Amino acid sequence: MTSSFNNEYQEINSDEPCDYYQEVDITRDYDIFSPGFDELYPKNMTCTWIARAPVGYNLHLDCFSIELPSSMNCMGDRIEVSEKGRSDMSDARRICGRGAFNHLTPGNTLAMKFTSTKLSKGGKLFCSMQAISDFCQCGRKPFGRIVGGEPTGINEFPWMAGIVDLSTSDKVYCGATLINVRYFLTAGHCIVRRRIRDLAMLVGDDDTSIGSDTQFARLYRIAQVTLHPNYKANGVENDIAIIKTVTDVELNEGVGVVCLPFKYQEYSEDFTRKKLTVTGWGTLEFSGPKSDKLMKVDLDVISNSECNSRGLNVTKAHLCTYTKDKDSCQFDSGGPLTYEDPENVRHFLVGIVSRGAACASKTPSVNVRVTDYLEWIVDVTREVSYCNK
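Just remember that the numbering used here sits 22 ahead of the position in the sequence shown, which is counted from 1.
Hints were generated in silico from the structure; no laboratory data involved.
Careful, some of the hints might be misleading.
What the hints assert, rightly or not - Below, simulated BS3-like cross-link-like pairs (lysine-lysine); rule was C-alpha separation at most 25 Å, straight line:
hint	residue 1	residue 2
1	Lys346	Lys318
2	Lys193	Lys346
3	Lys266	Lys254
4	Lys135	Lys146
5	Lys193	Lys318
6	Lys315	Lys346
7	Lys296	Lys163
8	Lys285	Lys296
9	Lys140	Lys65
10	Lys163	Lys106
11	Lys338	Lys297
12	Lys285	Lys297
13	Lys163	Lys315
Small disclaimer: the values here were computed from a predicted structure and weren't measured.
Starting from the given sequences, assemble the full structure and let the hints guide the process.
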């Protein structure tokens with residue numbers, strides 16, 4: 023059931039007719055929109071929305087339609103969203119311009135403020151909000167997209183991790199994905215012939231050449247590596263491994279877990295013709311230098327039969343991708359291929375970068391299909407639970 027945030031919220035102060043407070047019903051979605059949404063909002067206006075969900079729930083805000091004038095540092099018409107639900111907006115991020123963004127609160131309170139200036143030419147704003155059980159924290163970007171002059175991309179994929187060999191000069195030699203506070207998934211060939219005591223997991227980083235781009239970067243030592251029992255030495259079959267850290271990974275705005283694709287296993291989704299996002303610090307061209315900055319690319323999934331028709335020997339446990347002039351590349355191995363579910367805007371790990379003939383060649387890339395290994399993953403990590411949404 024969907025309710026109007028503006029119509030149902032209790033006014034906080036009768037002197038401020040655009041200030042609202044709501045105790046959130048977990049069975050309902052709420053719409054939030056600018057005053058007089060059918061027309062442009064008026065100038066010199068301030069609105070505040072504060073929502074509180076029951077304990078054990080977080081609030082997901084999806085502002086999918088923002089039409090505000092742009093301004094330097096968003097000092098003109100703007101939206102402010104408190105990272106921690108503070109009504110004084112002391113930790114708020116400012117958003118302006120045209121576009122969209124989404125935000126998942128770390129607690130059970132949301133605080134949002136809208137301001138139009140005395141010289142405003144008007145605009146529109148439309149968002150939706152819902153309560154989400156804090157058990158299902160997986161697959162959410164901290165701020166899905168930021169508009170209005172703020173940087174994009176820093177910690178955009180909080181589940182992204184890199185494997186670092188401390189005995190070499192390599193910063194990150196393979197990718198990995200955080201699936202729980204103690205476990206990562208990667209490609210099997212990334213950890214064979216490596217000494218565990220030399221390895222560490224890098225989380226929360228963006229640009230590996232500098233240390234000041236994000237406050238969330240951390241290294242975690244590895245306690246155990248579990249290679250799939252049927253891994254083949256050539257790295258072609260069952261190219262998957264699970265890494266366990268010595269201590270729990272701290273989850274925060276820049277570090278989070280991805281969702282595992284249990285829901286797609288139930289109805290045999292093969293993702294053919296779907297777009298997946300690949301992230302990594304790999305080379306930008308074959309035999310070229312590695313990227314210091316985390317890169318992303320969207321790739322198209324092709325059917326396994328088409329993959330085989332192009333000369334590749336793949337099984338149902340493989341997932342093939344091909345997009346002209348786009349690809350994963352060297353040192354992206356082990357990294358995630360994620361699918362953004364349009365229904366709940368969660369990101370699901372459906373593939374692991376495994377092998378390719380070259381980078382952005384005419385030959386598809388072959389990846390590990392995660393849905394084929396869910397039972398094994400659950401068995402190896404049996405002391406933890408996963409969200410099935």
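Legend entry - Hint consistency between Lys338 and Lys297 [alpha-carbon to alpha-carbon, up to 25 Å]: This hinted pair holds, its Cα atoms lying about 19 Å apart.
Inset, instruction - Given the hint that Lys163 pairs with Lys106, test it: the Cα-Cα distance must not exceed 25 Å. - result: 15 Å, holds
Inset, instruction - Please work out if Lys285 and Lys296 have their alpha carbons no farther apart than 25 Å. - result: Judged against 25 Å, a Cα distance of about 16 Å means the pair holds.
Inset, instruction - Take a quick look at whether Lys315 and Lys346 sit within 25 Å of each other, Cα to Cα. - result: 23 Å, holds
Legend entry - Proposed proximity, Lys318 with Lys193 (alpha carbon, max 25 Å): 18 Å, holds
Inset, instruction - Would you check the hint for Lys346 and Lys318, treating anything up to 25 Å between C-alpha atoms as holding? - result: Measuring from Cα to Cα gives roughly 15 Å; hence the hint holds.
Legend entry - Hint consistency between Lys135 and Lys146 [alpha-carbon to alpha-carbon, up to 25 Å]: 14 Å, holds
Inset, instruction - Could you grab the alpha-carbon distance between Lys140 and Lys65 and see if it respects the 25 Å cut-off? - result: Between Lys140 and Lys65 the Cα gap is close to 5 Å, so the pair holds against 25 Å.
Inset, instruction - Take the C-alpha atoms of Lys163 and Lys315, compute the straight-line distance between them, and say whether it is at most 25 Å. - result: 18 Å, holds
Inset, instruction - Could you grab the alpha-carbon distance between Lys193 and Lys346 and see if it respects the 25 Å cut-off? - result: 29 Å, violated
Legend entry - Distance restraint between Lys266 and Lys254, which requires alpha-carbon spacing of 25 Å or less: With Cα atoms ~21 Å apart, Lys266 and Lys254 stay inside 25 Å; holds.
Inset, instruction - Could you grab the alpha-carbon distance between Lys296 and Lys163 and see if it respects the 25 Å cut-off? - result: 20 Å, holds
Of the numbered hints listed earlier, the single one contradicted by the structure is hint 2.
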